[in-house]
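Residue numbers (full-length UniProt numbering), protein chains in the order written: chain A, 1 to 470; chain B, 1 to 470.
Bear in mind the hints are in silico, worked out from the structure with no lab data behind them. Any given hint might turn out to be false.
The list treats identical chains as one, so a pair stands whether inside a single copy or across any two.
Lysine to any residue pairs mimicking SDA-like chemistry, simulated, CA-CA at most 25 Å apart [stated by the list, open to error]:
(1) K195 x D282
(2) K374 x L243
(3) K199 x V403
(4) K220 x A432
(5) K199 x F94
(6) K374 x I245
(7) K405 x R12
(8) K199 x L367
(9) K220 x Q172
(10) K468 x D413
(11) K374 x S246
(12) K469 x P422
(13) K24 x S114
(14) K374 x N247
(15) K374 x E150
(16) K199 x D254
(17) K374 x P108
(18) K469 x I245
(19) K469 x D254
(20) K374 x E217
(21) K374 x I309
(22) K374 x F94
(23) K469 x D413
(24) K405 x E458
Here the structure is a predicted model, which is why all the values come from computation and not from measurement.
There are 2 protein chains.
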Amino acid sequence: MKGAIIVTSGIRGTFFDFIDDPWKHVGREEDSARFLRDGLLVIEDGVIVAFGPFDEVSPLHPDLDITEIRGRIITPGFIDGHVHVPQTRALGAFGEQLLPWLLDTVFPEEARYSDRDYARAGSDRFLENMLAAGTTTVQAFTTTSTVAVEEFFEAAARRDMLVISGVTGIDQFAPEGSTSTPEEFYADSKAMIAKYHGKGRNRYAITPRFALGASDELLKACQRLKKEHPDLWVNTHISENPLEISNLLLAHPDCTDYLGVYEKYELVGPKFSGGHAVWLSDNEFGRLSDSGGAVVFCPCSNLFLGSGIFRLAKATDPDKRVKMSFGTDMGGGNRFSMIHVLDEAYKVGMLGNTLLDGTTNRITQDLAAAERSKLSPYRAFWSVTLGGAEGLYIDDQVGNFEVGKSADFVALDWNAGPSAMPWHQSLFFDEAGPTTMEEAAHALFAVMMVGDDRNVDETWVSGVRLYKKD
Amino acid sequence: MKGAIIVTSGIRGTFFDFIDDPWKHVGREEDSARFLRDGLLVIEDGVIVAFGPFDEVSPLHPDLDITEIRGRIITPGFIDGHVHVPQTRALGAFGEQLLPWLLDTVFPEEARYSDRDYARAGSDRFLENMLAAGTTTVQAFTTTSTVAVEEFFEAAARRDMLVISGVTGIDQFAPEGSTSTPEEFYADSKAMIAKYHGKGRNRYAITPRFALGASDELLKACQRLKKEHPDLWVNTHISENPLEISNLLLAHPDCTDYLGVYEKYELVGPKFSGGHAVWLSDNEFGRLSDSGGAVVFCPCSNLFLGSGIFRLAKATDPDKRVKMSFGTDMGGGNRFSMIHVLDEAYKVGMLGNTLLDGTTNRITQDLAAAERSKLSPYRAFWSVTLGGAEGLYIDDQVGNFEVGKSADFVALDWNAGPSAMPWHQSLFFDEAGPTTMEEAAHALFAVMMVGDDRNVDETWVSGVRLYKKD
């Protein structure tokens, strides 16, 4: 979408973004956020070149072509840190935990993505569903097939979307047709890295599917790839399900925990993402924190598959803070929308809160941890924008409206959603909409708990509107 | 809406309802259901007078005025066993567990329902939101004010909806303006019983809000009302939050558990509903089963307030089966829609499953219980129709399409909802829609896990269409 002619344009509206981590500002979370009732975003070739109050910024850009977005809150586009492109059609399948669900539902559907037409159509549907949900960046799994990888990167490039993906590595615990050999995985990865990494907004992740699905040789291939390309991402699963973990440790008798397996192959560090992390020990959280590696919190999936309760208070412990993005994990998660993810994340946090606040066990009471479990609207929307970008080490590119980042954003209609919404919002502000940061935070909390993807009215990527609600 | 002239009409479409409890048919749940690809429902003055395959039933009613509902699955209207009318505006409020949430958010809003205009507007909004979500019957809390009770019963009567409600009894643990004395409660209840119970489709419930909010005198007033009117319902809360329970037992040193308090005042038996029941002991479940009393499972609320994980497998234990309806508990629950309730109920069940299947604890492994925790589409839609009706002892009136019951139903559009839905549904059947019960069950599961209230296309009450999606 970029040409030789530099195009400058402006977006005027009400903006809400973050400049810091709200968990660092307990009791004064508003210090982490930025609210402009009447703001102006100036965009040049898809990149933000100015941002501030309309009255201050507009005189500096006298001939700007301005689009006004009225009656909306404009936030940075949502970032989904863990999602599976080829599960687009199979999301929400009945009745199983992780391992049988993979065998019965997921692998047969994913195998279809070796067909180029199917992979292209599926990738397009995936991204259209994402944009309709306000998500502008994903770190995504594809399949073992380079066809699936190519079609996904191409689909993202057609929309100029920043995505992180790569060839899936799995050579055991899956049916034939859903696996490849370590040699094939290595060769395919090298080819895809050369073809896509750093091309436009495509970014490459070495992608062992999950440790149990990878032989020693496959994990060694990942290790070799990371050594040869230290700037690559590493995207995988970690400690999702109790049965998976006990099986894994049988295969790695030299490791005492799940993280230890990835450490053994030198995969853990900056740009490492472990999806789920439900059953990580305190010690594993501590080592992840030290390493700079990240977890991805996928509450829809953790509940849908019954995996367990992610320990939000542990991940946000200031003494051992772990980088973290949030993910749908669609189709282990049953929704495309990060707004739904926030609904479920809040609930997981509140369950954790009850377990920590002393009402069920005085011995384990930890009131500071219980407080960290409360997903305020500040923490929530930070987590799916700037926080998610930091978790994925792409906060130099996206996550808020800083000059130099891409103009990826979403316009939220706070009155859309179920019919209950407008009267609920009228508790906090009148029809003119939120006029203060506090009112806007109320509006955003209502969007996540009463609303859903219907609140996404427009989604823009690189300064171009790619979605408008009917 | 009923007049002297008998009006007979027919609905032709695809019907799905239940004739038995799917939990009694493990492995053959379809034996509990009824699927008519091309069915005819014949309605006279709001009541079902015939139901069966179109080819069989239509010749018996030659001059019938038939409405065809194409491309939809018609199920009985949903039944919400536990919901709060005066929380319509305040649903989804941030950040607290039960007791502070009541004080900060709920009581101030509920106090407004002493104003007749506010109560009328609020009741109308409540019911319109319910109908838009496919719910045709509720057991609902109002407030201590007879104004709130009157306006709710009148609003329901205007729509000819079967509702159960009553004056709220609370005389402690609440601010002034949200309480009444036991004497006022008794007198107000008597007046409302005389005015509304059995009038049209209004049904009356003695409604102590929750045991901790009721003095000994108030509970004695409830006991007296139940003795004087043994045919009345009793609607309350039970064992929702750990802190609430420990406080309650201090006030009733002669009781060893929460249920024991209600038993002491002879309130437990048929037509008793205890909302939440998250922390009931095995012994309490057993006594409830013996008594014929019911629990109401409110997963959105239990997660939103962090109350805990309802033990679905325990409630459905065939040795001590407990009657059960499902509820939104809006606004402790953050959604009006029973479809959302099914999403969250499935997830609570899957979490329970993991705790029971031996992967976390071999000693407590109970595979039969883990299986009962899986909320199949049969179990799910039974629970919000016939099962809910049985839990509330109104299955002689509503819950399925048996002759003699009211024509309360909903037409579900299986392709509505998020943009992901149509391609997902195409995994199971083609564009013509489901042709078998199994395909229809797939469609319904997709509605509950991928869809939401958008799938509700029409809602009919007493044979009249009261909601049509825009």
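**Asked** Hint by hint, which ones does this structure get wrong, listed from lowest number up?
**Response** Checked against the structure, the hints that fail are numbers 1, 4, 5, 8, 13, 15, 16, 18, 19, 20, while the rest are satisfied.
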